[in-house]
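Undergrad: Residue numbers (our numbering), protein chains in the order written: chain W, 119 to 272; chain L, 240 to 503.
Honestly, I wouldn't trust all of these hints.
Straight line, CA to CA, 25 Å or less: simulated DMTMM-like cross-link-like pairs of lysine to aspartate or glutamate [to be verified]:
1) K148(W) <-> D333(L)
2) K322(L) <-> D414(L)
3) K148(W) <-> E356(L)
4) K357(L) <-> D340(L)
5) K255(L) <-> E342(L)
6) K148(W) <-> D340(L)
7) K322(L) <-> D400(L)
8) K255(L) <-> E356(L)
9) K148(W) <-> D414(L)
10) K280(L) <-> E198(W)
11) K322(L) <-> E279(L)
12) K357(L) <-> E198(W)
13) K148(W) <-> E342(L)
Derived CB-CB ranges, DEER-like [what the hints assert, rightly or not]:
14) A417(L) <-> R196(W): 39 to 47 Å
15) T235(W) <-> Q480(L): 35 to 43 Å
16) N169(W) <-> S300(L): 42 to 50 Å
Calculated from the model, a selection of chain W residues having no Cβ within reach of chain L, i.e. all distances over 12 Å [said to hold, decoys possible]:
17) L159
18) H174
19) P192
20) I226
21) E233
Read the hints as simulated data drawn from the structure, not as lab findings. Only a predicted model underlies this, so the values are computations on that prediction, with no experimental measurement involved. Glycine included, C-beta positions come from ideal geometry on N, C-alpha and C.
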Amino acid sequence: MINMTDILLDGFFAAIAGVGFASISNPPRKALAVCALLSALGHATRFCMMNYAGAHLAFASLAGAVMIGVLAVPFARRIECPVEACALPSLLPMVPGMYAYRSVQALILCLQGSEETIFMHNLYLLSYNVLNCLFTILLMGVGASIPTFVMRKR
Amino acid sequence: MTSAPNDVASLHNRLKEQSVFLSNYATQLLACGATTVRIEKNVSRIASAWNSHAEFSIFPSHIILNLWDEERTQSYSSIGRIKAGSVNFAIVNDLSRLATDVEERHYDIELARHYYEKSIIRPRMNRWLLLVLVGFANASFCYLFGGDWIAMAIVWFATVDGFFLKQRLSQYGWDFRAVTIVSACVSAIISCLGYAYGISSTPEVALATSVLFLVPGIPYGNAVNDMINGHYLCSLSRLAQAVTITVCLSVGLCLALLLTNINM
Numbered sequence: 119m120i121n122m123t124d125i126l127l128d129g130f131f132a133a134i135a136g137v138g139f140a141s142i143s144n145p146p147r148k149a150l151a152v153c154a155l156l157s158a159l160g161h162a163t164r165f166c167m168m169n170y171a172g173a174h175l176a177f178a179s180l181a182g183a184v185m186i187g188v189l190a191v192p193f194a195r196r197i198e199c200p201v202e203a204c205a206l207p208s209l210l211p212m213v214p215g216m217y218a219y220r221s222v223q224a225l226i227l228c229l230q231g232s233e234e235t236i237f238m239h240n241l242y243l244l245s246y247n248v249l250n251c252l253f254t255i256l257l258m259g260v261g262a263s264i265p266t267f268v269m270r271k272r
Numbered sequence: 240m241t242s243a244p245n246d247v248a249s250l251h252n253r254l255k256e257q258s259v260f261l262s263n264y265a266t267q268l269l270a271c272g273a274t275t276v277r278i279e280k281n282v283s284r285i286a287s288a289w290n291s292h293a294e295f296s297i298f299p300s301h302i303i304l305n306l307w308d309e310e311r312t313q314s315y316s317s318i319g320r321i322k323a324g325s326v327n328f329a330i331v332n333d334l335s336r337l338a339t340d341v342e343e344r345h346y347d348i349e350l351a352r353h354y355y356e357k358s359i360i361r362p363r364m365n366r367w368l369l370l371v372l373v374g375f376a377n378a379s380f381c382y383l384f385g386g387d388w389i390a391m392a393i394v395w396f397a398t399v400d401g402f403f404l405k406q407r408l409s410q411y412g413w414d415f416r417a418v419t420i421v422s423a424c425v426s427a428i429i430s431c432l433g434y435a436y437g438i439s440s441t442p443e444v445a446l447a448t449s450v451l452f453l454v455p456g457i458p459y460g461n462a463v464n465d466m467i468n469g470h471y472l473c474s475l476s477r478l479a480q481a482v483t484i485t486v487c488l489s490v491g492l493c494l495a496l497l498l499t500n501i502n503m
């Protein structure tokens with residue numbers, strides 16, 4: 119069952135996150151509006167892929183990132199500003215923060231635990247979270263970069 | 240025949256001035272977070288507009304740039320130190336426009352230097368506005384991870400405090416790694432409020448999100464982009480810097496967890 123409110127809310131908060139995190143890298147003002155739009159579309163794409171198509175986080179993020187990359191090229195050309203200033207900040211709301219946090223948490227537990235079964239369980243948690251986090255970030259970067267190389271003007 | 244040495248001297252002088260300008264230009268772009276594709280494109284556009292050929296390679300803290308004249312009889316090399324400073328896409332935008340103007344409006348080196356100097360001193364966004372925006376951004380991030388409204392409010396406060404500290408400490412000239420550790424630690428401790436008073440049903444999300452405004456997303460993205468473009472050395476040095484910051488923020492988070500003794 120597709121719930122439009124959830125998708126819109128997801129996009130809305132992704133847009134706020136996109137604008138806020140983009141502001142840290144001081145983009146031109148016109149690019150900020152594009153960042154908001156692309157963040158919302160990218161994150162909503164990922165949300166739909168995960169919740170309605172059952173995709174894994176990493177591949178859903180790849181889809182969201184490709185969406186951002188493909189749209190960033192024409193938008194950047196339109197407002198005459200560098201593609202990376204539109205595409206990279208829009209990716210930031212998709213950073214898998216919970217996985218990163220759980221990795222750190224598992225690392226501490228690993229170092230504290232002494233008994234083998236507990237240690238192995240925490241090691242499993244650590245590797246699970248680190249792998250998910252790394253692959254998601256890598257696929258996000260690749261997904262957003264490929265369109266800028268393919269669609270480049272010669 | 241008598242004028243030949245003079246010609247060579249003036250050609251050499253021209254190459255020298257252009258080479259110094261382009262070296263400054265490239266190091267500034269790199270520091271501001273431009274991808275290597277863009278730097279290559281812009282530098283070669285300016286060079287060809289000024290009737291010369293530029294080639295450069297990027298090392299972790301320097302750029303080596305070589306400039307040939309049109310017939311490739313004389314050349315001038317310069318090594319530029321990569322400028323310190325944080326990502327600033329407004330400068331990337333201005334400097335890219337400068338490259339277009341040099342090509343299309345035939346700016347000479349004096350004019351280009353004038354616009355270059357003007358671009359790099361452009362003021363950043365108001366820091367108080369930035370502070371509030373980053374607070375809301377991180378609070379939204381908390382929503383995206385499934386946090387409730389109270390968790391979002393906690394994250395807003397934690398982020399504003401941590402980011403304020405980051406701005407101030409950077410201003411005082413602290414090392415960026417120390418700044419990251421301290422800001423992450425303070426943000427994480429403040430976000431433990433949810434645990435301490437039991438006021439949020441998702442205190443874990445608040446704690447996890449509170450430090451994420453420090454994640455160096457742009458260097459990670461640039462590293463992947465440069466890797467695809469084949470600038471492996473540049474890609475690895477950006478990656479190393481991003482990983483350093485990430486490790487520092489994890490250290491800050493760990494310190495906070497140990498200090499507050501949260502039961503995980």
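Undergrad: Would the least Cβ to Cβ distance between P192(W) and chain L come out above 12 Å?
TA: The assertion about P192(W) holds, with a minimum of 17 Å to chain L.
Undergrad: Below or equal to 25 Å on CA atoms is what counts here, so check K357(L) against E198(W).
TA: Roughly 19 Å between the alpha carbons, so the hint for K357(L) and E198(W) holds.
Undergrad: Mind checking the alpha carbons of K322(L) and E279(L) for me, to see if they're no more than 25 Å apart?
TA: holds, 17 Å
Undergrad: Is the gap between the beta carbons of T235(W) and Q480(L) within 35 to 43 Å?
TA: holds, 39 Å
Undergrad: Is it true that the CA of K255(L) sits at most 25 Å from the CA of E356(L)?
TA: Since the Cα atoms of K255(L) and E356(L) sit roughly 18 Å apart, the hinted pair holds (cutoff 25 Å).
Undergrad: Looking at L159(W) again, its CB stays over 12 Å from all of chain L?
TA: holds, 14 Å
Undergrad: What's the verdict on K148(W) and D340(L), does the C-alpha distance respect the 25 Å limit or exceed it?
TA: holds, 20 Å
Undergrad: Does the alpha-carbon distance linking K255(L) and E342(L) stay inside the 25 Å limit?
TA: Distance ~20 Å between K255(L) and E342(L) Cα, so the pair holds.
Undergrad: Just tell me: holds or violated, for the beta carbon distance of A417(L) and R196(W) against 39 to 47 Å?
TA: holds, 42 Å
Undergrad: For H174(W), which was marked as not at the interface, is the minimum beta-carbon distance to chain L over 12 Å?
TA: holds, 17 Å
Undergrad: Just checking, E233(W) versus chain L, shortest CB gap more than 12 Å?
TA: Answer for E233(W): holds, closest chain L Cβ roughly 16 Å.
Undergrad: Just want to verify: I226(W) was marked as not at the interface with chain L; is every Cβ pair farther apart than 12 Å?
TA: The assertion about I226(W) is violated, with a minimum of 6 Å to chain L.
The structure is inconsistent with the numbered hints 7, 9, 20, although it conforms to all the rest.
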